[in-house]
Amino acid sequence: MSDELMSYDAALELFDPVLGLEVHVELNTASKMFCGCSTAFGGAPNSQTCPVCLGLPGSLPVVNAKAIESAIRIGLALNCEIAGWCRFARKNYFYPDMTKDFQTSQYDEPIAFEGGVDVEVDGETYQIPIERAHMEEDAGKLLHVGGSTGRIQGADYSLVDYNRAGVPLIEIVTKPVRGTGAKAPQVAKAYVALLRDLMRALDVSDVRMEQGSLRCDANVSLMPKGSSELGLRTETKNVNSLRSIEAALTYEIRRQATILASGGRVHQETRHWHEDGSYTSPGRSKEQAEDYRYFPEPDLVPVAPSAGWVEELRATLPEPPAARQARLQGEWGFTDLEMRDVVNGGGLDLIDATVAAGCAAQPARKWWTTELTRRANEAGLELDELAITPVQVAALQALVDAGTLNDKLARQVIDGVLAGEGEPAEVVEARGLAVVSDDGALAAAVERAIEANPDVADRIREGKVQAAGALIGAVMKEMRGQADAGRVRELILAKLAQV
Amino acid sequence: MNPLLMLTASELSQMLRAGEVSAREITAAHLDRIAAVDGDIHSFLAVDSERALATAEALDDRRAAGEELDELAGIPIAVKDLFCYTGLPTTAGSRILEGWRPPYNATLTERVLDAGLVVLGKTNLDEFAMGSSTESSGYGPTRNPWDRTRIPGGSGGGSAAALAAFEAPLALGTDTGGSIRQPASVTGTVGVKPTYGATSRYGVIAMASSLDTPGPCARTVLDAALLHRVIAGWDPRDSTSINAAVPDVVGAARRADVKGLRIGVVKEFGGEGYQPGVEQRFREALSVLEGLGAEIVEVSCPHFDYALATYYLIMPAEVSSNLARFDAMRYGLRVGDDGERSAEEVMSLTRGAGFGAEVKRRIILGTYALSSGYYDAYYGSAQKVRTLIVRDFEAAFEQVDVLVSPSTPTTAFGLGERIDDPLAMYKADLCTIPSNMAGNAAGSFPCGLSPDDGLPVGFQVMAPALADDRVYLVGAALEAELGRRWGGLLIDQLASREVSA
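Protein chains in written order, with our numbering: chain E, 351 to 849; chain D, 274 to 774.
Hints are not guaranteed to be accurate.
A short list of chain D residues far from chain E (calculated; beta carbon distances all over 12 Å) [as the list claims (entries may be wrong)]:
| hint | residue |
| --- | --- |
| 1 | Arg297 |
| 2 | Ile587 |
| 3 | Asp674 |
Facing chain E, according to a computed beta carbon distance under 8 Å, are these residues of chain D, among others [to be verified]:
| hint | residue |
| --- | --- |
| 4 | Gly506 |
| 5 | Trp507 |
| 6 | Thr513 |
| 7 | Glu591 |
| 8 | Thr640 |
| 9 | Ser645 |
| 10 | Arg770 |
FYI, nobody ran anything at the bench for these hints, they're computed from the structure.
Note that the coordinates shown come from a computational prediction; the quantities given were computed from them, not determined experimentally.
Note that beta-carbon positions come from the ideal geometry of N, C-alpha and C, so glycine has one too.
Based on the sequences and whatever the hints tell you, model everything.
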């Protein structure tokens, strides 16, 4: 499909991309935005509902104070102004996943506005201006049954689960992001990664993209080089991982450039990202945009956080990411290059947690940025989605430090942990992976290796100590790699009277 | 007529506490009355005799066991079919909710049940409380007990008619633009719209959220106050409910003293469009109050002239959103679900079939008023005028303690007379709407029969927000003095007609 598209490099020679990112963050409050129902993920369908979140006739919303607190803390962390007085608004539209057929949201009076954050890509800093962060409720979840695509078109019938209806969301909207050039997709990815890290540091959301607790709608338009007039944009939905943000934007930039370069016109529309085929397809057209008939929600009183409260919340903010990175780099003694790899690879928190679990910084870095990064790439996962925890990595390194494991064995232990076989020590035990340093067993193996390779033994006796490698290899092979290579060498040289 | 039926709730309460009558006898008398007259009056959409009798008997047992009960325990009550009640279907007078049984009780339903009142049934109303005659009910109109060819008012015509027909001594109503006061006015009964937020809206099917105010309906001022005391007060489930002490409305109803009270007559409410007999009885009531020592002054509230127009932008806007949820997906009527049609088509067919003409008219008006490009001109402007109305009240209440006016410009009009003329219908709420716009307290009290048609006339008292007691004070003083002149309540004249007939 993308074969017919202009190459990314060619596209960027003609056009400058302008980004707009809308990120929905599901808050991790215990109860929903306007009622006391649980927000826990994965409950039996419609088991976490009540008259309020089902929108039954007569029911009324009451605002979750914890959600307001989280919204303000998010606003502050994004360097936004916090409204001294704001209201909820009703966004009116009919859809079966909306129990009231309107969404209680915010319109022209968001709780937080006019902020911005910096993201870094390849050593360059990009300013992302934030227009607003507002509060709203989530809708229910539709399950389309029958048909081939799992989408509403062609489905036999649809089921609705309202457990998610009324879960508090914060929508964070950027202003148009210009000047990113060819880095646009990476900047977008880095921005969402930054938001994810921020939300985690604030402890306001689980930010699990695969569970939908962090969702990104990626808008992009193209301006001809040298122009300052914004083009028509598309909004790509169903972008469910950091990786796909980058991929979807790269695809959209190529697609739009191909259309524009041939004299065509980009349709302002919503597009759907297909992870499997790595392409976008048209969704709802925004040219027949619905009129949402927003008006202030009359069932709720205005939200008016006092300046004192806002300052109290400001004092609870975690260390800003840039300051934290600088501090950790100093503590860990990483070079700039090492630190950049760590940050770009999404390993910062993981290494921090690994060090906190007792591991030295360099081995922690080595595991996460090499072996584990490779495993994540192979599995198509983010680093933190691997089924191994920082505590387990620290335990693994402790076994290496104690001489119980060598690097090769340690990698096999990782296999076991990722396969769900338990803690590193349990995997060592169960797979029998510990290094053999029992001289009796080793001496016998050395004996056999010397007998099997008399030429090599002779050369060593003649003083060619470097030839010992071949014998060590033979011993290691016999021991299926579970021998302490240093000890094997000592035994060989002693046996052949070279020490 | 069983003499128990003509007693007030407060008299019945005294007899209950003195052991002179049982709750079961009182309940049975009212159920018999309903069985006898409601085929014609049609106050009720649903009656639950068995549960009512069982509740009454249980209360009698509790009383016999020496349990301390609320003053209104054992008194029957009729509930407007807009309050969610698990015991009976709740329809809001609409076919779209036919047979829907709420899985929860409204806060006010709960308070009434907790106080030991005996729910007789659910009363008729204009569909989703939209109307001034009950004629827009999806289940047929209610008739006015004073003249069965006339409307009982609306939207709470069922509750008001139940009181006037002696089917119940107390009733619950809701007032968005006059739906408690106008029916009270045209049926010779008492109805109070409390301060907005003084009574919880939780579980009351919404019409216009910023205006809807549940309140008490009764045949006497004291009875209304007793019910007000049971239902009012902060509810954490309604964000717009006020967390403040409920004023002593019962004390005010007992005191009934207006000496030295400054009463402002709203200049704008009179003249063209007002029935001469209504104006005459209103003026006479003013003289009565003056005779009791009140000071009467004329007050101008210039923006009240725009209240009706403003109301017909704000209310439909909220209606268009509040009624969106009736979409056939989760409960209520579902039309056209043949396995082929889309959800949108089923929604559309259901709403087309389930809503009546007046509801559709308001949904369309409101949808238009909120539309992009029209919002500022309609909804936005209306909110500004609403603020001006609030300021008119504030200025007036600096000069006077209460404002008064006729409750509605005319007496009960004929069934069918205005049904095809929405504007004429809307004008029935001309005097009542300003208090909904401002959220202050107001009530309607009988002040006689109009000399031109012999039908009841209502006297409206408006007081500042949270000064609901003043409404009762004036209403009770008027009721006491007029009662002395008439030798009883106005409604007793209707009862005696039935006895003599």
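Chain E contact restraint on Ser645 of chain D - CB to CB distance below 8 Å: OK, holds: Ser645 of chain D within 8 Å of chain E, min 5 Å.
For Ile587 of chain D, which was marked as not at the interface, is the minimum beta-carbon distance to chain E over 12 Å? violated, 9 Å
Over 12 Å from every CB of chain E: does Arg297 of chain D meet that, or does the non-interface label fail? Non-interface label on Arg297 of chain D holds, nearest chain E Cβ at 31 Å vs cutoff 12 Å.
Is it the case that Asp674 of chain D keeps its Cβ farther than 12 Å from each residue Cβ in chain E? Check passes; 28 Å lies beyond 12 Å.
At a threshold of 8 Å, is the proposed contact between Gly506 of chain D and chain E supported by beta-carbon distances? violated, 16 Å
Hinted contact Glu591 of chain D with chain E - closest CB pair below 8 Å: With a minimum Cβ separation of about 6 Å from chain E (threshold 8 Å), the hint on Glu591 of chain D holds.
Is the interface hint satisfied for Arg770 of chain D? The criterion is a beta-carbon contact with chain E at less than 8 Å. violated, 39 Å
Hint Trp507 of chain D vs chain E: min CB-CB distance below 8 Å? This interface hint is violated because 12 Å lies over the 8 Å limit.
Supplied contact hint for Thr640 of chain D, tested at 8 Å Cβ to chain E: At 7 Å from the nearest chain E Cβ, Thr640 of chain D passes the 8 Å test, so the hint holds.
Hint validation: Thr513 of chain D versus chain E, beta carbon distance must be below 8 Å. Holds or violated? holds, 6 Å
Consistency note: the structure conflicts with the earlier hints numbered 2, 4, 5, 10.
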